[in-house]
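The whole structure should be built from the sequences, with the hints applied where relevant.
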Amino acid sequence: MGVIVPLVSVSAFWALIGFGGPWLVPKGVNRGIIQTMIVLTAVCCWMFWILVYLHQLNPLIGPQISVKTIRWMAEKWGNAPGVDTHYSTTSSP
Amino acid sequence: MGTIFRSEWMSLCQVFLQTDSAYACVAELGELGLAQFRDLNGDANNYQRKFVNEIRRCDEMERKLRFIEEEVVKDSLEVDDANMYIKAPQPKEMTELEANLEKVEEELISINANTKVLQKNFTQLMEMRAVIESVKVLLDSGSRMHAAQSISEAARGEAGPIQVGITPNFDQYDKENRESTELKFVTGVIQRSKGATFERFLWRMCRGKVFVRMMDISIPNVTGLADVPTEKAVFILFFSGEALRSRVKRICQGFHAEIYNCPDNVVERASLLVQINTQVEDMQSVLNKTLEHRRRVVLASGMNVKLWSFKVLKIKSIFHTLNMFSIDVTQKCLIAECWMPTADMSMVMDALRRGTEMSGSTVMPVLNEMETHETPPTYFKLNKFTLGFQNIVDAYGIANYREVNPAPWTIISFPFLFACMFGDAGHGIVMFLTALLFLIFEKKIIAAKIKDEIFNTFFGGRYVIILMGAFSIYTGTLYNDFYSKSVNIFGSKWTNPINYTDLAVWEVRGATQDQDLDFTFSPNPAFDHDSGPYPWGVDPVWNLAKNKLNFLNPMKMKMSICIGISQMFFGVMLSLLNHVYNRSWLDVIFVFIPQMLFLCCIFVYLCIQVIIKWLFFYVDGKFIFGNWYPGSNCAPSLLIGLISMFMMKSRDDGFVKGNVPNYDDETQQFDQCYLQLWYPGQAMAEQILLAVAVLSIPVMLLVKPIYQLMQHKRGVPISGGHGHGEDDTGEFNFGDVMVYQAIHTIEFALGCVSHTASYLRLWALSLAHAQLSEVLWDMLFHMGLTFSTGYLGAVMIFIFFSIFAVLSVSILILMEGLSAFLHALRLHWVEFQSKFYGGTGIAFEPFSFIKLIRLAEGLDQ
Numbered sequence: 006m007g008v009i010v011p012l013v014s015v016s017a018f019w020a021l022i023g024f025g026g027p028w029l030v031p032k033g034v035n036r037g038i039i040q041t042m043i044v045l046t047a048v049c050c051w052m053f054w055i056l057v058y059l060h061q062l063n064p065l066i067g068p069q070i071s072v073k074t075i076r077w078m079a080e081k082w083g084n085a086p087g088v089d090t091h092y093s094t095t096s097s098p
Numbered sequence: 020m021g022t023i024f025r026s027e028w029m030s031l032c033q034v035f036l037q038t039d040s041a042y043a044c045v046a047e048l049g050e051l052g053l054a055q056f057r058d059l060n061g062d063a064n065n066y067q068r069k070f071v072n073e074i075r076r077c078d079e080m081e082r083k084l085r086f087i088e089e090e091v092v093k094d095s096l097e098v099d100d101a102n103m104y105i106k107a108p109q110p111k112e113m114t115e116l117e118a119n120l121e122k123v124e125e126e127l128i129s130i131n132a133n134t135k136v137l138q139k140n141f142t143q144l145m146e147m148r149a150v151i152e153s154v155k156v157l158l159d160s161g162s163r164m165h166a167a168q169s170i171s172e173a174a175r176g177e178a179g180p181i182q183v184g185i186t187p188n189f190d191q192y193d194k195e196n197r198e199s200t201e202l203k204f205v206t207g208v209i210q211r212s213k214g215a216t217f218e219r220f221l222w223r224m225c226r227g228k229v230f231v232r233m234m235d236i237s238i239p240n241v242t243g244l245a246d247v248p249t250e251k252a253v254f255i256l257f258f259s260g261e262a263l264r265s266r267v268k269r270i271c272q273g274f275h276a277e278i279y280n281c282p283d284n285v286v287e288r289a290s291l292l293v294q295i296n297t298q299v300e301d302m303q304s305v306l307n308k309t310l311e312h313r314r315r316v317v318l319a320s321g322m323n324v325k326l327w328s329f330k331v332l333k334i335k336s337i338f339h340t341l342n343m344f345s346i347d348v349t350q351k352c353l354i355a356e357c358w359m360p361t362a363d364m365s366m367v368m369d370a371l372r373r374g375t376e377m378s379g380s381t382v383m384p385v386l387n388e389m390e391t392h393e394t395p396p397t398y399f400k401l402n403k404f405t406l407g408f409q410n411i412v413d414a415y416g417i418a419n420y421r422e423v424n425p426a427p428w429t430i431i432s433f434p435f436l437f438a439c440m441f442g443d444a445g446h447g448i449v450m451f452l453t454a455l456l457f458l459i460f461e462k463k464i465i466a467a468k469i470k471d472e473i474f475n476t477f478f479g480g481r482y483v484i485i486l487m488g489a490f491s492i493y494t495g496t497l498y499n500d501f502y503s504k505s506v507n508i509f510g511s512k513w514t515n516p517i518n519y520t521d522l523a524v525w526e527v528r529g530a531t532q533d534q535d536l537d538f539t540f541s542p543n544p545a546f547d548h549d550s551g552p553y554p555w556g557v558d559p560v561w562n563l564a565k566n567k568l569n570f571l572n573p574m575k576m577k578m579s580i581c582i583g584i585s586q587m588f589f590g591v592m593l594s595l596l597n598h599v600y601n602r603s604w605l606d607v608i609f610v611f612i613p614q615m616l617f618l619c620c621i622f623v624y625l626c627i628q629v630i631i632k633w634l635f636f637y638v639d640g641k642f643i644f645g646n647w648y649p650g651s652n653c654a655p656s657l658l659i660g661l662i663s664m665f666m667m668k669s670r671d672d673g674f675v676k677g678n679v680p681n682y683d684d685e686t687q688q689f690d691q692c693y694l695q696l697w698y699p700g701q702a703m704a705e706q707i708l709l710a711v712a713v714l715s716i717p718v719m720l721l722v723k724p725i726y727q728l729m730q731h732k733r734g735v736p737i738s739g740g741h742g743h744g745e746d747d748t749g750e751f752n753f754g755d756v757m758v759y760q761a762i763h764t765i766e767f768a769l770g771c772v773s774h775t776a777s778y779l780r781l782w783a784l785s786l787a788h789a790q791l792s793e794v795l796w797d798m799l800f801h802m803g804l805t806f807s808t809g810y811l812g813a814v815m816i817f818i819f820f821s822i823f824a825v826l827s828v829s830i831l832i833l834m835e836g837l838s839a840f841l842h843a844l845r846l847h848w849v850e851f852q853s854k855f856y857g858g859t860g861i862a863f864e865p866f867s868f869i870k871l872i873r874l875a876e877g878l879d880q
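As they're listed, the protein sequences go chains P and D. If you use our numbering, the first sequence corresponds to residues 6 to 98, in order. If you use our numbering, the second sequence corresponds to residues 20 to 880, in order.
Derived by calculation from the structure, the hints in this document are not laboratory data. There could be a bad hint or two in this list.
[Said to hold, decoys possible] 30 Å max Cα-Cα, derived DSSO-like pairs, lysine-lysine:
no., chain 1, residue 1, chain 2, residue 2
1, P, Lys32, D, Lys403
2, P, Lys32, D, Lys400
3, P, Lys32, D, Lys462
4, P, Lys81, D, Lys567
5, P, Lys73, D, Lys567
Next comes the structure, spelled out in structure tokens:
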């Protein structure tokens with residue numbers, strides 16, 4: 006999925022709750038409070054999510070991992086494009 | 020608006036009550052709990068008020084109730100609990116209650132007196148019996164001979180007081196035999212503790228001519244009364260000559276020893292014993308009947324004591340309230356002044372009407388509103404959910420009358436800030452479930468009327484805790500932290516960028532050096548940039564990384580700053596609501612707008628920079644805003660950038676000399692390229708922002724006081740709005756206004772800077788929590804899992820897990836939870852509320868029976 010898909014879907018989800026939720030609150034003494042709570046929840050939760058998302062959009066550093074774990078990652082999660090998976094006996098780093 | 024955005028409208032009302040119906044009306048108002056009465060007889064002391072006698076009667080009744088309760092407790096019976104929602108008793112019920120209590124008290128006192136007398140008689144009988152039985156033993160064992168011997172030795176001036184072990188001198192035997200038949204004796208009972216002194220004293224006073232023998236006995240305490248000694252001893256004193264008898268008797272009196280005359284003759288002793296035995300049995304049955312009667316009385320009272328004490332409490336409080344009313348000249352009418360919520364005036368009127376009908380009076384009470392310049396008390400209509408959050412706000416200060424209340428926002432922002440600092444989904448689940456338990460058994464726990472303060476603190480905050488737990492689960496999933504482990508739901512966006520050959524070489528090298536070697540991925544190519552970041556929260560690869568903090572720390576710091584500045588911005592907007600409500604355009608234009616400009620030009624600018632850096636700067640070289648950006652080593656440092664902005668430091672434009680892309684030549688980069696200007700027009704823009712921010716400070720400081728001074732000179736009355744700068748006579752004092760404005764300005768300007776940094780505690784605490792969690796995993800759970808395979812492993816994991824669980828709950832959930840709670844509280848009280856909150860109001864304290872009873876029970880403070 007691209008950058009856009011999670012961005013739009015999660016924002017749409019919280020927007021639905023934040024803008025649509027207040028209309029669904031039944032009339033009563035506590036209507037104002039419940040509406041405030043719904044809107045504030047949507048705003049806080051969305052803001053928290055988007056801050057974490059944006060920070061990871063363009064990471065400036067990468068993880069430092071032990072070689073053993075990298076082996077495991079290579080098996081389980083696959084390799085980046087352009088990685089040579091053959092063992093050549095002549096090269097040395 | 021909703022119910023607790025501002026405090027309720029209050030009105031000061033005067034109530035005219037007829038004296039006949041006054042009691043009933045006040046009782047109804049007490050049940051309603053919506054009126055706060057003012058003391059109209061403030062200068063009268065307690066003895067000058069009208070209903071002094073009634074209060075005295077109530078005090079008497081309370082004393083009697085306390086006595087009855089003591090008696091119930093003495094019998095180790097439980098005082099039955101009563102329903103605290105009973106109706107207040109009518110005045111005629113009061114006399115009934117008084118008579119009832121008097122009767123019960125009298126009965127109990129007489130029973131107690133009788134029991135004492137019975138116990139005394141019983142003791143005497145038992146002692147007599149013990150004496151007879153012991154004397155038989157003592158006389159039979161040849162004590163008489165020993166006595167005679169000892170006394171004659173003493174008469175000859177030899178030997179000590181009691182030497183039982185010496186062999187008798189058989190030469191003197193016959194002579195002493197003759198003397199023994201002449202010996203007299205006295206028997207009695209003395210307390211065991213005085214026994215030794217008694218003997219010594221006798222020996223000294225009678226020069227050894229009195230022989231003492233003692234036997235320990237124990238007298239049972241049948242009535243359970245206190246102060247009944249049971250450890251006694253029977254003594255028998257042998258002496259010759261009647262003269263010594265009176266001396267001995269006096270000594271016994273002095274030592275509080277009872278003398279019981281025991282007949283010397285065996286037959287007489289036997290018949291006396293039989294007599295005493297029958298007497299003892301009779302006494303036993305009388306005693307039992309008395310105790311049974313007492314038990315019945317006490318049991319009956321025990322069932323009603325609580326109910327009676329609630330009734331007396333209500334009666335007494337009604338009379339206290341009636342004492343606060345003033346009486347008009349005709350003595351027929353009582354006048355009361357009370358604060359009540361304007362919206363509830365009809366309910367109060369109904370209550371008064373009900374009271375008048377109940378007392379059978381025909382004259383309706385009159386309720387009319389009074390004009391007043393006094394500040395009304397602050398009243399919020401709360402339910403069990405909002406009560407917890409309002410208490411949090413009130414602990415700092417009660418809201419001013421009709422100012423914006425922080426509580427409705429606190430309902431969500433407080434648990435949210437807590438969760439930012441607590442951020443572990445696993446611990447969040449535990450917290451959530453605990454609070455859920457409290458809520459499910461809410462009714463039962465309230466009915467149990469627990470008085471323990473710590474439990475009540477946690478139970479009272481159950482709604483706060485459940486929200487804190489729920490938000491912690493949310494932030495925990497975003498931080499990807501479940502007991503320090505991450506989950507991989509959507510697939511990590513980081514993959515291995517190293518060729519297998521190189522990997523193999525590194526592995527070999529690591530094996531030969533016996534080290535675990537690391538490799539640091541570069542985002543290009545390890546990060547799947549086109550596909551975008553991990554969609555929900557922190558990528559799980561970071562849990563495997565040794566440099567995880569290098570990534571998470573900047574994330575949490577930037578997040579804290581952004582959240583903090585949003586909250587402060589919101590706080591300043593709330594102050595606008597207050598200014599608009601007070602219709603003070605002066606405040607809006609010359610206080611609110613400069614504050615906004617100051618906040619925005621510096622801190623919102625910082626937030627925008629953070630977001631732009633996130634969006635545009637990556638590891639690949641490209642043109643950004645027209646400048647060639649070579650790579651991540653030139654990513655602009657925002658913190659130093661802000662400092663340079665303030666110091667107006669001159670910086671180079673762009674990252675690279677000549678602004679030409681060069682992929683390999685690092686010498687072309689500017690020195691410290693991460694400290695230079697990075698967007699076109701930055702120098703000019705920053706100068707303007709700085710100028711605006713700096714200029715807004717004198718505006719905040721000077722305009723309002725000077726304007727008010729000019730208005731005052733022109734003769735226009737200053738409304739004040741908050742009473743500052745006006746002393747008691749309402750005079751306008753320029754010095755005070757100036758000082759207040761200066762304090763306010765400095766607080767805001769310095770506060771903006773220091774509070775922004777203060778929000779970094781969101782980062783600090785979440786880091787501490789994550790690290791503690793990791794320690795517990797590494798040192799305990801991990802060790803338990805890898806201890807050994809097989810059965811030993813199973814046992815060890817059990818042990819390790821229990822330690823892990825106990826430490827998790829006590830350190831991570833309780834201690835860290837309390838810590839995060841405290842810091843979230845501080846952030847609200849200082850950083851958020853200082854932007855708009857006054858908090859110098861008075862709380863509304865209505866006359867309410869429920870509140871009084873709860874106070875008396877110790878359920879509320």
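Hinted pair, alpha-carbon criterion (30 Å max): lysine 32 of chain P, lysine 462 of chain D. Please report holds or violated. OK: lysine 32 of chain P and lysine 462 of chain D at ~26 Å, within 30 Å.
Taken at face value, is the distance from the CA of lysine 567 of chain D to the CA of lysine 81 of chain P at most 30 Å? It holds: about 21 Å lies between the C-alpha atoms, which stays within 30 Å.
Hint check: lysine 32 of chain P vs lysine 400 of chain D, CA-CA at most 30 Å. Holds or violated? Holds, at about 17 Å.
Is the straight-line distance between the alpha-carbon of lysine 73 of chain P and that of lysine 567 of chain D 30 Å or less? holds (17 Å)
Please work out if lysine 32 of chain P and lysine 403 of chain D have their alpha carbons no farther apart than 30 Å. holds (19 Å)
In terms of the numbered hints stated before, the structure departs from none.
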